[in-house]
Amino acid sequence: MKKIFSTLKMALPISLFVMIFTSSCNKELPQPIPNEVVVPTGSTIGDVLNTNPDFSILKAAVIKSGLMEAVSNKSNVFTVFAPNDEAFIMSGIPLVAIENLPAPVVASIIQYHIIPGQKVTSAAIPTTFPNVQMVTSFVIPAPNTNPLVRFSSFPSKRGSQLWLNNIPVIASDVATANGVIHVVARVVAPPSRVLLDTMARDADMQYLVAAILTADASVPEGSRFQDYLANPLANFTIFAPSNQAFMNLLAYNSLPVDPSSLQYLDNPKGTLGAIIANHILLNRAFAANLPSDDTVIPSFLAAIAPPGVGLLTVSSAGVKGAGNPTFSNITAIDRHAINGVYHIIDQLLLPQ
94 MKKIFSTLKM ALPISLFVMI FTSSCNKELP QPIPNEVVVP TGSTIGDVLN
144 TNPDFSILKA AVIKSGLMEA VSNKSNVFTV FAPNDEAFIM SGIPLVAIEN
194 LPAPVVASII QYHIIPGQKV TSAAIPTTFP NVQMVTSFVI PAPNTNPLVR
244 FSSFPSKRGS QLWLNNIPVI ASDVATANGV IHVVARVVAP PSRVLLDTMA
294 RDADMQYLVA AILTADASVP EGSRFQDYLA NPLANFTIFA PSNQAFMNLL
344 AYNSLPVDPS SLQYLDNPKG TLGAIIANHI LLNRAFAANL PSDDTVIPSF
394 LAAIAPPGVG LLTVSSAGVK GAGNPTFSNI TAIDRHAING VYHIIDQLLL
444 PQ
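The opening position of the sequence shown corresponds to residue 94 in this note's numbering, with each subsequent residue numbered one higher.
Be careful, since some hints might not be right.
[Said to hold, decoys possible] Per label pair, the in silico range of CB-to-CB distance:
id, residue 1, residue 2, range
1, Gly135, Gln299, 53 to 63 Å
2, Arg294, Val350, 44 to 54 Å
3, Asp427, Val389, 15 to 25 Å
[To be verified] Straight line, CA to CA, 35 Å or less: simulated DSBU-like cross-link-like pairs of lysine-lysine:
id, residue 1, residue 2
4, Lys212, Lys157
5, Lys167, Lys157
6, Lys167, Lys212
No lab work stands behind these hints, which were simulated from the structure alone.
For every residue, glycine included, the Cβ atom is placed at its ideal position computed from N, Cα and C.
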């Protein structure tokens, strides 16, 4: 392929590296001394929902979900990101909708707002990039994964402003006997599809999906991009070039502006895969969590390439590959999936 990438000669397939550390010990363990169980005093999360009229829709949803007993038990601990009545209404879910929705659907919505076993105060949420990952009460439904795996949500903080995924927290640190409540401005909807499926349904992602399939053509099953992006247990951010971004690159290289021409970008072999890897971060970052100032962040490509290759410059205003003279604009944000999030950009991110 002419004009660019003449020095980029890197073979794929790409593999994710997972390190699991285990240890064992055969020493006789000392007998534990039982601790005295101290039952907290004061109002529970359930009490707050029952007495605060601003949570009337949430209360109805929690009751319908069969969770009121759990959040009223002082022996349990929860962090609840709680939509108030206005948040439900602004999200298109008035009380009548809760009454008419099937109980399992209501439960899935509510469980996605609950982090069990932890009291996560605002002080415990860091301002660092990327978002903190916290496991919710909501089990990822079949056929996406097995029944033991639960959705994660992603709290973050910028200055004093808290977020859950891409939803702002409007009141924080409502302390209760069995946890803490943060009030959110909208209902935080759990995703229903993996990244590959979500992008395949997006009309502006057709060139990117075609590029992924083209790059995967000679890669063994299990090591393909499509395998990674269909894995519900993965966690990615994709800066996803629009159809027009790919069309501009094809035209720049005097190639027919058609998805079938993407094969000519894969010269030498592996180049197209390297370009795709340069658009992927190995963690999940919503727009609210992107750095406000230019920050160098390694892409997926950096994990498999020589040192210094695959570094992106990212800020809330745009993103740039080392081979790009200008920043790409982020034109759409926070397209959320089970295994990640993608932001649409208007030019490809080129490695050096």
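Tell me the hint numbers this structure goes against, listed in increasing order.
Failing hint: just 2.
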